[in-house]
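Student: Sequence:
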Amino acid sequence: MSLCIAASGKLIVLAATAFSLNWTHSVEKTVWSENWIVEGGALRVVQASVEGSGAGIDLPDNAVRQGESWVYTPDLAPVEKLTLAASGVTASPWTLCAGETCLELGTVSADPIRIWVSEQCAAD
Numbered sequence: 001m002s003l004c005i006a007a008s009g010k011l012i013v014l015a016a017t018a019f020s021l022n023w024t025h026s027v028e029k030t031v032w033s034e035n036w037i038v039e040g041g042a043l044r045v046v047q048a049s050v051e052g053s054g055a056g057i058d059l060p061d062n063a064v065r066q067g068e069s070w071v072y073t074p075d076l077a078p079v080e081k082l083t084l085a086a087s088g089v090t091a092s093p094w095t096l097c098a099g100e101t102c103l104e105l106g107t108v109s110a111d112p113i114r115i116w117v118s119e120q121c122a123a124d
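Numbering (the numbering used here), first residue to last: 1 to 124.
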């Protein structure tokens with residue numbers, strides 16, 4: 001299975017079974033991170049962290065303070081596809097890292113970013 005990413009009119013294919021997704025919260029300007037795995041042809045978030053709380057940041061009951069961040073395990077079912085906004089005007093782009101490869105996504109206003117898993121990636 002490959003990790004397929006459609007962003008800014010390009011199709012990016014990564015050989016990855018796990019990745020992290022990081023961004024800066026648009027109001028609070030704090031870093032938010034999620035760790036994802038490929039599971040049975042779907043994507044599942046296994047851990048998330050945020051560097052604080054505030055407007056638009058609702059921490060779940062299982063959040064634990066670790067250093068500068070609140071860390072928790074989201075109680076979400078696996079998804080077939082992630083869709084991320086790409087306005088180009090937020091505090092930061094999305095940063096997706098798989099192994100040693102990191103990509104900045106959403107740096108310019110464009111169609112939404114799509115992330116999914118497939119044996120053969122093709123834009124949908």
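Derived by calculation from the structure, the hints in this document are not laboratory data. Glycine is no exception: its CB is placed at the ideal position from the N, C-alpha and C atoms. Be a bit skeptical, because a hint or two may be false.
[Stated by the list, open to error] Straight line, CA to CA, 25 Å or less: simulated SDA-like cross-link-like pairs of lysine to any residue:
1. Lys81 / Arg65
2. Lys10 / Pro112
3. Lys29 / Glu80
4. Lys29 / Thr107
5. Lys81 / Ile113
6. Lys81 / Ser92
7. Lys10 / Lys81
8. Lys10 / Ala122
9. Lys10 / Val108
10. Lys29 / Asp111
11. Lys81 / Gln66
12. Lys29 / Leu14
13. Lys10 / Trp70
14. Lys29 / Ala122
15. Lys10 / Ala86
16. Lys29 / Met1
17. Lys81 / Asp58
18. Lys10 / Ser53
19. Lys81 / Val13
20. Lys29 / Cys121
21. Lys29 / Ser92
[Claimed, not checked] Using C-beta positions, here's what the derived DEER-type ranges look like:
22. Asp58 / Thr17: 38 to 44 Å
23. Arg65 / Val13: 23 to 29 Å
24. Arg44 / Glu68: 24 to 30 Å
25. Ser109 / Glu68: 29 to 35 Å
26. Gly41 / Gly9: 23 to 29 Å
27. Ser20 / Gly41: 28 to 34 Å
28. Leu103 / Gly67: 33 to 39 Å
29. Asn62 / Glu100: 16 to 22 Å
30. Thr73 / Gly40: 16 to 22 Å
31. Ala122 / Val64: 26 to 32 Å
32. Thr73 / Ala122: 28 to 34 Å
Student: Does the structure break any of the earlier hints, and which numbers would those be?
Tutor: Hints 1, 3, 11, 12, 13, 14, 16, 18, 20, 22, 23, 27, 28, 29, 31 are the ones this structure does not satisfy, whereas the remaining hints hold.
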